[in-house]
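**Q** Read off the chains here:
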Amino acid sequence: MAKHPLETKYGLTSAELLDAINARFRLKVALEGAVAEHQMAKHIDRLVGSAVERYEHHDLDSYPDFSIRIPGRDTPLLAECKNVRESSKAGGEAYRVGGKVVAYKVETQKTRAAKGDPSSRYYGFEQYHILGVCVGKKTGDWSDFLFVRTIDLERHADHSLKLAVVQRVQLLDAEDMRPSKSESHATAQYSTTLRTNE
Amino acid sequence: MPQPSIRQRYGLTSDELLGTIDLRPRLKAVIERSVAETHMTNLLASHVGSSISRLEASNRHGSMYWLIWLNARDQPIRARCKIAFRRQNSVVNGPNKITYHVSAHDSGNVLEFPENRLYGTEHFQILGVCLGRITSNWSEFLFARTIDLARHPDFPHKLAAFHQLPSPSIRAVKPWSKNIAELFGDMMRRP
Chain A
-4 MAKHPLETKY
6 GLTSAELLDA
16 INARFRLKVA
26 LEGAVAEHQM
36 AKHIDRLVGS
46 AVERYEHHDL
56 DSYPDFSIRI
66 PGRDTPLLAE
76 CKNVRESSKA
86 GGEAYRVGGK
96 VVAYKVETQK
106 TRAAKGDPSS
116 RYYGFEQYHI
126 LGVCVGKKTG
136 DWSDFLFVRT
146 IDLERHADHS
156 LKLAVVQRVQ
166 LLDAEDMRPS
176 KSESHATAQY
186 STTLRTNE
Chain B
5 MPQPSIRQRY
15 GLTSDELLGT
25 IDLRPRLKAV
35 IERSVAETHM
45 TNLLASHVGS
55 SISRLEASNR
65 HGSMYWLIWL
75 NARDQPIRAR
85 CKIAFRRQNS
95 VVNGPNKITY
105 HVSAHDSGNV
115 LEFPENRLYG
125 TEHFQILGVC
135 LGRITSNWSE
145 FLFARTIDLA
155 RHPDFPHKLA
165 AFHQLPSPSI
175 RAVKPWSKNI
185 AELFGDMMRR
195 P
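Protein chains in written order, with my numbering: chain A, -4 to 193; chain B, 5 to 195.
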């Protein structure tokens, strides 16, 4: 089988490269971000030719992961991909009622703030239109996603134009798929499929 | 229970995973550190049984170092790995430089005490510099003893933040060596 260009470049086999990543926690976290983006790209790609004209992936600081061109809209829809939050504590990180997991969490803040402006760590509502949450860390299937419109997410308590740091992510089989319990979000829904027509 | 492989876990093939990395320059840059560390581990392991009696690799807060027990020495020495890069303003085949930084968890209040970002010679005794970004050969290294490296002009008990390397195309000049066994020999003669 032909070598991947990275194997040739780095003089390591794919197994050595992936083992090296797997052994380093921070690298694994970074790779999991990339894996989720790769899986989200597949979701978008399936819509090309119908709901989506074309899309681009971006690997840039302070810019959403995808811009998606849809018919009848001059500017692209911007989409951000996040992994569901997980921790090593027993049962993992989640919202629970009576010990039972009722929802997951996703963190919607940047890794760091700009100097002198702590609130710059929070995403503004205008920064992207769609959030795709990969729930692979919970379900074991990294193609499992929930999508939601950014305007339907919880607002930051102190900065009304910014997103709250942690958002509620419904379970894939939940009956109530609202991202928030607030009245203003009564019709908002998470969706397991990407919808661009709302 | 056996852990699923990284490929099984993410539902992607090796080629897809490597392709995902290849498309993301920022991720690739981070991964290059582990590539250099893997090559340094392999290189050190090749000396176990000759100059090295025991070798341990440790990954503390994402920063890897090695404990090396040289033959006939009770106390291990510590080694770290950095990646050489070419300065933007250097001319072709000009001097290459490497950077030294400690990780944030060791740095304390960096703004108030900038010297906390600098390494002291007590932090590690051997520095391995991977030349992969310059020569495209990621198993090519230069090594130096930290006691032989330049000190910071304002903090003489710390190493300078940048160290100039000899051009990889010419013979290594002191304190640099392409052969880590030479440094091991030097440490036996000059502890």
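Note that these hints are calculated values from the structure, not bench results. Any given hint could be a false lead.
Said to hold, decoys possible - Taking lysine-lysine and the DSS-like style, the derived pairs with C-alpha atoms no more than 30 Å apart in a straight line are: (1) B/K86 - B/K178; (2) A/K4 - B/K86; (3) A/K100 - B/K162; (4) A/K77 - A/K100; (5) B/K86 - B/K162; (6) A/K23 - B/K178; (7) A/K105 - B/K32.
**Q** Taking 30 Å as the top limit, are the C-alpha atoms of A/K100 and B/K162 close enough?
**A** 44 Å, violated
**Q** Is B/K86 close enough to B/K178, meaning Cα to Cα at most 30 Å?
**A** Given pair B/K86, B/K178 holds - Cα atoms ~18 Å apart, limit 30 Å.
**Q** Are the Cα positions of A/K105 and B/K32 separated by 30 Å at most?
**A** 20 Å, holds
**Q** Given the proposed pairing of B/K86 with B/K162, does the C-alpha separation stay at or below 30 Å?
**A** 17 Å, holds
**Q** Given the hint that A/K77 pairs with A/K100, does the C-alpha gap stay at or below 30 Å?
**A** 11 Å, holds
**Q** Holds or violated: A/K4 with B/K86, Cα cutoff 30 Å?
**A** With Cα atoms ~18 Å apart, A/K4 and B/K86 stay inside 30 Å; holds.
**Q** Would you check the hint for A/K23 and B/K178, treating anything up to 30 Å between C-alpha atoms as holding?
**A** At roughly 38 Å apart (the allowed maximum being 30 Å), B/K178 and A/K23 break the hint.
In summary, the structure is inconsistent with hints 3 and 6 from the numbered list given earlier, while agreeing with the others.
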